[in-house]
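Chains as they are written, first to last, in the numbering used here: chain A, 55 to 401; chain B, 223 to 1228.
Just so you know, the hints here were simulated from the structure itself, not pulled from any lab data. The beta carbon of each residue, even a glycine, is placed where N, CA and C say it ideally should be. You can take every hint at face value.
Derived DMTMM-like pairs: lysine to aspartate or glutamate, alpha-carbon spacing no greater than 20 angstroms straight-line:
id	chain 1	residue 1	chain 2	residue 2
1	A	135	B	450
2	B	509	A	70
3	A	131	A	226
4	A	319	B	1076
5	A	120	B	1076
6	B	900	B	417
7	A	137	B	452
8	A	206	B	461
9	B	903	B	535
10	A	75	B	514
11	A	75	B	510
12	A	75	B	513
13	A	137	B	450
14	B	442	A	180
15	A	206	B	463
16	A	137	B	453
17	A	208	B	461
18	A	398	B	1194
19	A	75	B	1030
Facing chain B, a subset of chain A residues (Cβ under 10 angstroms, in silico):
id	residue
20	71
21	74
22	175
23	179
24	187
25	198
26	219
27	222
28	363
29	374
30	388
Pairwise CB distance ranges (calculated):
id	chain 1	residue 1	chain 2	residue 2	range
31	A	122	B	1191	56 to 64 angstroms
32	A	383	B	280	51 to 59 angstroms
33	A	138	B	1010	48 to 56 angstroms
34	B	1120	A	380	27 to 35 angstroms
35	B	1030	A	101	38 to 46 angstroms
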Amino acid sequence: MGKVKANAGPLARRPDNSAFKQQRLPAWSPMLTAQTVLPFFYGMATVCVLLGVWLLVTVQNTHELKVDYTHAGSCDKCFEKRKDRANANQSCNCTVVFNIENTFKGDVFFYYGLINFHQNLRQYMDSRDDGQMIGRNKNLKNPSSYCEPFMKDKNGLPIAPCGAVANSMFNDSFTLVYHSAASRQVVPLFRKGITWYTDKNVKFRNPQVENKTLTLAQVFEGTGQPLYWQKPVYDLDPWDRNNNGFINEDLIVWMREAAFPNFKKLYGVLNRAIEPFTEGLPAGNYSVDISYNFPVEYFQGRKEVVLSTVSWFGGQNNFLPIAYLVTGCLILLLAVILTAVWWKFAL
Amino acid sequence: AVFSDYNYTLWNFIPKNLFEQFRRIANFYFLLIFLVQLIIDTPTSPVTSGLPLFFVITVTAIKQGYEDWLRHKADCSINECPVDMVQQGTVVRTQSSKLRVGDVVMVREDETFPCDLLLLSSSHDDGTCYVTTTSLDGESSHKTYYAVPDTMDFKTEQKVDSLHATIESVAIYTGMDTKMALNYQSKSQKRSAVEKSMNAFLIVYLCILISKAVINTVLKYAWQWSVDRDEPWYNHRTEIDRERHVIRAFTDFLAFMVLFNYIIPVSMYVTVEMQKFLGSYFIAWDKDMYDEELGVGAQVNTSDLNEELGQVEYVFTDKTGTLTENNMEFIECCVDGHVYIPHCVPVCTSVDQCGPVWTSVCLCSCVSQEHEDLFFRALCLCHTVQVKEEETVDSIKRGIHLGKPTSFYISSSPDEVALVEENVQCIMSGTKGVVSSCVCSRFELLHVLNFDSVRRRMSVIVKSSSGEYLLFCKGADTSIFPRVVSGKVEQVRARVEQNAVEGLRTLCVAYRSLSPVEYEETCHQLDDAKLALQDREQRLAQAYDLIERDFTLLGATAVEDRLQEKAADTIESLQKAGMKVWVLTGDKMETAAATCYASKLFRRSTQILELTKKRTEEQSLHDVLFDLSRTVLRQRTLSGSGSGNYREIFLEISRNCSAVLCCRMAPLQKAQIVKLIKASKEHPITLAIGDGANDVSMILEAHVGIGIMGKEGRQAARNSDYAIPKFKHLKKMLLVHGHLYYVRIAELVQYFFYKNVCFIFPQFLYQFFCGFSQQPLYDTAYLTLYNISFTSLPILLYSLIEKHISIETLKRDPTLYRDVAKNSLLRWPVFLYWTCLGLFNACIFFFGAYFLFDNTTFTSNGQMFGNWTFGTLVFTVLVFTVTLKLALDTHHWTWINHFVIWGSLLFYVIFSLLWGGIIWPFLNYQRMYYVFMQMLSSGPAWLGIILLITISLLPDVVKKVLCRTLWPTATERAQVGRTLFRLFIVACGLLSHFSSMAMRGCWILA
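The shape of chain A in the complex, shown without the other chains (with noise of 0.2 angstroms):
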């Protein structure tokens, strides 16, 4: 058949010969071999060793305090009276006694923790509305239609905080008190700062309005209260008008969804200015006096106050050091498996 070809001159479609089309490109050609590995074995089962043994020290040094509240004292009535949902507008307070045998030094962190609470069902942590929660007034009164069942209250107001998150925000609040020889003393706790700064900052805003001279209420006027809320979001904070609305420290808190249903979040930080805190909290009874809010009997959840110091390595986390102990204790041994079988094998 044809031959149709454009022929222009022999060498015009001779290939380039530069070194990426032939696959000739400088290389360096590293082997996996027991030379190569077994150097870097040894080095790095030294490095997790030591490094597991200084972590080890550094944990023993880290203190914690769990105290489950949940039934526990005078809580039991409180308990049996959040059984019955008729009973939610009541108020039930309700104190837990501990001791503290060794001085928790340093800063002392206060944390509410929930076991079994699942704040991370999917449908729970789609609904609520980054947008109106970032102060955009579009989304204030018109919030996301993820938030459903919890987008509009009974009388078809917008709910500001939408969604099932904020919703069901802990309305637990706790008061320590430090029961010295002498007296009775009320422990100082911080209840801001217990957010990251971008969050309280940048991510949560209240709504934006022009007129800056109005109350935080008119700002949010139209919109209803979360359903199961006994508190509008602008008033959530009654001695610190700066931390009411979607800034409010409790809320962001909670609004960072735990990733486990069992879970801590910080509820305040020691206030160590004053005496006897300023070293942390000394040894000795101390008490919780527990504002007791938060059902927890519908899911079989649990609730409990945790104090813990922390490192700069963060909490009493004993997984770390360990799994550096064992790993590098493991890489030794492969190390000398390997030793052994390159001198026998490949010699």
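Start from chain A and add chain B according to the hints.
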């Protein structure tokens, strides 16, 4: 009348291409997922699967469209090839596609026939023409065709006789009905073995996916059995949701499917397509496969089969034009045991010719020796060569006498051309030399006893000017020697055998002088036989047998159909690489066998088993199988390719042979042989290589078809998957490119599945902690971009430029090819290893992060992290681990590898910083805001990430080192060989203080 071999037209491209693409199980699956996401409420948005799917479909469509467009262009060049048509007494030039049945076509010398034709007349007075049918059946010899006698004189009537050497003919079949087109097989899409394994793996993963979804759905309902879990007070459903509880189970199942659908990698298909498409450029760019003479390099027609080149088990090669140059050359002759090589032959001959009946020869003899005289006389007389005149030169003047051969010879036997040409050469050297006296003798050609393959000889009877009757005979040694009564048989035989060892084609020449009485008798016998009405062939054979006897041996000639450069080396390498080479040729057995010897396909020591037509009774085949199952080689004259029963036996025998030669094969028979092997129970990968149109059907049938861009037109090259200029290029094509592409794509496929197991399995585990609520572990952006950008480029680059071993080593050591034979890198154990590694890594990622988080503070300021930080931590470990795993597998670190691997990790970090760095306008969720930065600001996160990556990579490193030390493969040994010297020094250095040990170590290493 239009010839076509493309798949699409402009109009049906979109629907047909879409249909073809969605027939692919993976694409169809993604379409389903996409539709499900559109319809029901799923954890991820439809964009996450719609975008990649759109991308895949578009890229593939563009690629296929481009390749089809190239085919269109090639077809056009054929269909628009100009043709001279005779219409109403004038010559009209049209395109070949416009030809219709019944048109009268004029074909000039050396033109290609546009269609099947009936010869009406030619410029020769006797109405003959010489036709080569190379593009049809591969035979390059000239065949004489006679015009239909009734129309022989048409040329004068139609007044086109002014054109020399033209053939007028009427079109019988055109376009797709031509013999050539009918000899084709329909072009179907070839799928490579890798693609088949890929589909098998895909099905496994589909099963895993479905079972994951089913398990999770069941567990979800088991977990939700109690009402407080089904709908706790903090997570009320909407009224609409409550009503839909009937279909909720099903939508839950679908939602899980969507959540886990990433385990079947969308982008794998794009990456594989891109790898194949871009990777094929390296073949086209290879300057080692560029031929200076032809000015072309290798050509890739289908990039789908790159890796199949690394899997070939059977190579079916054409002979003429593929193994050989298709160019005969006279090497030497032997007269009475004296060997003459060209330019030293002291004999001058001149060949003259006046048509096929008369051959007159002017013989100049410079040597008195009678036998030499007779020998060259025999060569001059005993042939069927025709002299073809060059049209441009005045026909009276013979170029020979000017010392410039302007006439050349055509014959149905290329050997004869070579012999006669050589004799002409002798004249030229002779005229310059010592020509003293020229004795012209004139011979009258009386009878030609034509060649046939049973006798394997031919004879002529001539009458010399002195009135002597002479019979010259020329033929294969086996057919001449038994008939020789005198002459130096032993010396000649020794020479002939030696020539045959060298792979030359030998012919023996003998003569017998006939007395007038004997001549009369033979004439009588021949005429009787020729006129016989019954059993003419048999009687002719008997007559020939009677006449051709009592010879005096003159000598032997040796002609070479020169093998292509490095053909023998290539075949040897292919065999060392574990491939079985079969030669399928249309030629006769002797010629083909000689080539096989020359190309080292057969060796002197190999045992030859011949299966010819006469022996193909079933019983004898069985015997053969029973007795000679150890046979190394067999030949077969295949007729009709046997019935079902024979087929099995044939297959059984031939599979036990190291090399097979099949002769007298029609194009379709070649394809049948290939099909037969393809269908055998191991389903070996076959490769067919050929240069002519007669090889096209075999090229199309084989798994990989390679065309040689040779003399016999470009049909084969066009229909092949790959076209190379010379046979020798096959070596680099298979041993280097094939091997590398296979290794690359095998890693690509395994790695893709691995990285997606690592990706999705943590998500599956997370369901156990989030109440089976289909909560994704990773952010949407991560879900979408993981396969598209975070981990795609390193593996794509790896699959393009990885060279686990240097090209030189691959070429030097063909046995390395065996390391990847039989799809060894994609077998189930390897697949299982990768999958287990993936599962192990996924567990490490998830549970490592889980225990790290374990309800404790993660920062030094006491603040807590949420679920997105957890997901990001897992994802970070994931991205780093899978990328570093690839880095561990990379043996060839060019600057591009460094750039892409470290660059892609850097890109992940930068993207995450950016994605979490600002509040995104227009987006309704800001869940990733500052998550990544917060994570990086925590010490334990860093320590955890490093630890988890280390643990994840550890088993693979240990496995690699152990395997390399204990059971190194040939490839690994070759890799070590490269650095042997360095190792030697290292080993000596390490052990220098144990002197005896060191001695031992060095000695062994050295």
